[in-house]
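Peer 1: Going line by line, the protein sequences match chains D and G. Here the first sequence stands for residues 1 to 304, where the numbers follow the working numbering. Here the second sequence stands for residues 1 to 384, where the numbers follow the working numbering.
Treat each hint with caution, since some may be false.
What the hints assert, rightly or not - Quick look at which bits of chain G chain D covers, simulated, 3 or more residues with Cβ under 8 Å:
#	segment
1	18 to 26
2	47 to 55
3	65 to 74
4	194 to 203
Keep in mind that the hints were calculated from the coordinates and are not lab data. Glycine included, each C-beta is placed from N, C-alpha and C at the ideal position.
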Amino acid sequence: MMRLKDFPVDECLLQGNAACPGCPATIGLRLVLKALGKKTIMVVPACCTSVIESLYPHTSFDIPVMNIAFEAAAAGASGVEASLRQQGRTDITVVAWAGDGGTYDIGLQALSGALERGTNFIYICYNNQIYSNTGIQRSGATPYAAWTTTTVGGKNELRKEMGDIILAHHIPYAAQTCISYPEDVFSKVTKAKNIKGPKYIEILAPCPPGWRFSMDKTVEMGRMAVDSGAWALWECENDKMIFNGKSKLILEKKIQRKPVEDWIKYQGRFGHLFRPQRDEKRLKAIEEYVDSLWDRYRKCYLGK
Amino acid sequence: MTIMIDTGNRIAAKAAIMAKPEVVAAYPITPQTTLVEAIAEYVARGEYKGEFICVESEHSAMCACIGASAAGSRTFTATSSHGLLLMHEMLHWAALARLPVVMCNINRVIGPGWNIWTDENDSISQRDTGWIQFYCSSNQEIFDTVIQSFKLAEHEKIVLPVMINLNAFILSHTSMPAEIPEQRVVDEFLGKHIAHWKSDIDNPTTFGNIIGPAYYYKVRRAMQQSHLRAKKLIPQIAKDWKKSSGYFHGDLLEYYKCEGAEDILLSMGAIGAESKIAINELQNEGQKIGLARVRVLRPFPTEEIIKLGKQANLIVIDRNISVGLEGVLFNEVKAALFGTSDIKATGFIAGLGGKDVTYKDIKSMCRKAIQGTSKAQEWYAMED
Numbered sequence: 001m002m003r004l005k006d007f008p009v010d011e012c013l014l015q016g017n018a019a020c021p022g023c024p025a026t027i028g029l030r031l032v033l034k035a036l037g038k039k040t041i042m043v044v045p046a047c048c049t050s051v052i053e054s055l056y057p058h059t060s061f062d063i064p065v066m067n068i069a070f071e072a073a074a075a076g077a078s079g080v081e082a083s084l085r086q087q088g089r090t091d092i093t094v095v096a097w098a099g100d101g102g103t104y105d106i107g108l109q110a111l112s113g114a115l116e117r118g119t120n121f122i123y124i125c126y127n128n129q130i131y132s133n134t135g136i137q138r139s140g141a142t143p144y145a146a147w148t149t150t151t152v153g154g155k156n157e158l159r160k161e162m163g164d165i166i167l168a169h170h171i172p173y174a175a176q177t178c179i180s181y182p183e184d185v186f187s188k189v190t191k192a193k194n195i196k197g198p199k200y201i202e203i204l205a206p207c208p209p210g211w212r213f214s215m216d217k218t219v220e221m222g223r224m225a226v227d228s229g230a231w232a233l234w235e236c237e238n239d240k241m242i243f244n245g246k247s248k249l250i251l252e253k254k255i256q257r258k259p260v261e262d263w264i265k266y267q268g269r270f271g272h273l274f275r276p277q278r279d280e281k282r283l284k285a286i287e288e289y290v291d292s293l294w295d296r297y298r299k300c301y302l303g304k
Numbered sequence: 001m002t003i004m005i006d007t008g009n010r011i012a013a014k015a016a017i018m019a020k021p022e023v024v025a026a027y028p029i030t031p032q033t034t035l036v037e038a039i040a041e042y043v044a045r046g047e048y049k050g051e052f053i054c055v056e057s058e059h060s061a062m063c064a065c066i067g068a069s070a071a072g073s074r075t076f077t078a079t080s081s082h083g084l085l086l087m088h089e090m091l092h093w094a095a096l097a098r099l100p101v102v103m104c105n106i107n108r109v110i111g112p113g114w115n116i117w118t119d120e121n122d123s124i125s126q127r128d129t130g131w132i133q134f135y136c137s138s139n140q141e142i143f144d145t146v147i148q149s150f151k152l153a154e155h156e157k158i159v160l161p162v163m164i165n166l167n168a169f170i171l172s173h174t175s176m177p178a179e180i181p182e183q184r185v186v187d188e189f190l191g192k193h194i195a196h197w198k199s200d201i202d203n204p205t206t207f208g209n210i211i212g213p214a215y216y217y218k219v220r221r222a223m224q225q226s227h228l229r230a231k232k233l234i235p236q237i238a239k240d241w242k243k244s245s246g247y248f249h250g251d252l253l254e255y256y257k258c259e260g261a262e263d264i265l266l267s268m269g270a271i272g273a274e275s276k277i278a279i280n281e282l283q284n285e286g287q288k289i290g291l292a293r294v295r296v297l298r299p300f301p302t303e304e305i306i307k308l309g310k311q312a313n314l315i316v317i318d319r320n321i322s323v324g325l326e327g328v329l330f331n332e333v334k335a336a337l338f339g340t341s342d343i344k345a346t347g348f349i350a351g352l353g354g355k356d357v358t359y360k361d362i363k364s365m366c367r368k369a370i371q372g373t374s375k376a377q378e379w380y381a382m383e384d
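Here chain D stands alone, though its shape is the one from the complex:
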């Protein structure tokens, strides 16, 4: 695994972009583009990145970026990839970069189609668990009990397990990572770049205004998600599943996951579970859900 100090110094995401302070998407973009390099065409649907790009006639990207409609990233990327193949430009990486709304919800059909067709591209979902660009509304990725502007008392439903949906396509490479682990992100994107066919990578992206935490805590918030088991680092190459880092240790019960409460108590979006009094019922349900998630992982991938 390449060490952080050895990462390429070139930046494809330029200074002066229009992201919020503490934005996890820009951390992800920097890492992803360092791994992919300048021979990359990026397709971006409606999401925070369409704002981060800055206002026409300026741009904060030093690679070609094609914006497309909200539900259309994977289909648009299919067209770009087909065109490049006709031009003999197989040296160029096509990457779709979409949020969780554009992936889990409105863009799911186009994504599934592109994966099923064997499209040679990388689809990256930066998952901040909300519709953040429109101002914090629930998505299929929003966890149970989280406040959003459309789940005012907390979300009643569990998040969708996107990883399972992706794995059902049996594509050559799929992975989950988090912006707090730059070497993990870099390694997974590099690996995906060198595999032919459809690749899917999902990056957990803790969003300070969306999750209601201080903008200097973005990286910490991602680490806590992994420590608590609420988010898992894994990669699946040709149907062979490997858990990475602490997630591997949790899977193999070499360490105990930390309580999810230790993570969510720092996020204002879960404030109603702690104030004015503790909501024991929902706090318990959150822990039970994460336990059941790991029980399922163990059954599927350890056979026990």
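Starting from the known structure of chain D, arrange chain G on it as the hints suggest.
Peer 2: Here is chain G on its own, set in the frame of chain D:
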């Protein structure tokens, strides 16, 4: 040159393949299906060497065409009815992105209830998306218009998507002969596709990011200017095609026996072809009547309509309706005439839901209009 006797769909597919698009992305829908199947056969026989993407929806078909066009490729797709409506958002996108995608649309009724016959409400409801719109009336015209559409769409003064409309079954599934030129003729006519903008790693730009009102205002005006230029270029490109192939389909309207006419019938698509028989018979009966078949709805041939309005009373048959107003062609013809003419214009709605419109029906509508016995806008042959 060879004669191909085949359906409108298969002749459209032949034209599309001869134009050598690098990428075709399509999704099947009745009655466009045989067009897509024909392309799949060209792929299987190795006669089409481009990319054929069988997407999972019409929305994705248009998105893939947009992506491929934006990466620098000539692109083609085909759809119909609900498929066209599902594309709606991306039709706007392709036009605003100035991508010269070429598409055949088979005019089919919109549900509910399910109805696969022809009317033109599908494409009429997309007329404000910025696409150039042709309406054909024979398989030869379909072939020639598809070829010419690539030239027009990709022309440096246009750079806009083009939709070629053909009526469900009446054209899409009806065999007629069409003269097909040698491949060399098409190659020379179209030349190699040159993208006027593209996503390029050697010149990295961001396309479609946030744009303020002042710039956006210019984007819209530029589209309008290109449409206005297309009015001159459509006949010019058709003349050039005639030099290569011998066939001319190119005026914004096709005029038939309009000389000296005191009444002129305006219609589109297959009704336009059927109208010729009606005009012949009415002339034989002593009526001074001619036909102007509207081939191009966008850009709208305002100047040509004004000229007609100075010559004759106009009778308009619409196989579509803007519900709450009237037939769209009728409405637009009257708008073009405003302040330039005091002639009488009579409108008929006919053939919605695929109801047959024969030359006898057309004669009957014309007689009613000439005698002044029809309502201002009449639903022809509507049984109460």
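Peer 1: Now, for every hint given, state plainly whether the structure supports it.
Peer 2: To see whether the hints hold, each was checked on the structure:
1. With a threshold of 8 Å between beta carbons, the proposed coverage of the segment 18 to 26 of chain G by chain D holds, since 3 of its residues qualify and at least three are required.
2. Beta-carbon proximity to chain D at under 8 Å applies to 5 residues in the segment 47 to 55 of chain G; the threshold of 3 is reached and the given coverage holds.
3. Chain D is given as covering the segment 65 to 74 of chain G, and this holds because 9 residues of the stretch bring a CB closer than 8 Å to a CB of that chain, at least three being needed.
4. Proximity of the segment 194 to 203 of chain G to chain D, defined as three or more residues with a beta carbon under 8 Å from a beta carbon of that chain, is established by the 4 residues found.
Taken one by one, the earlier hints all hold for this structure without exception.
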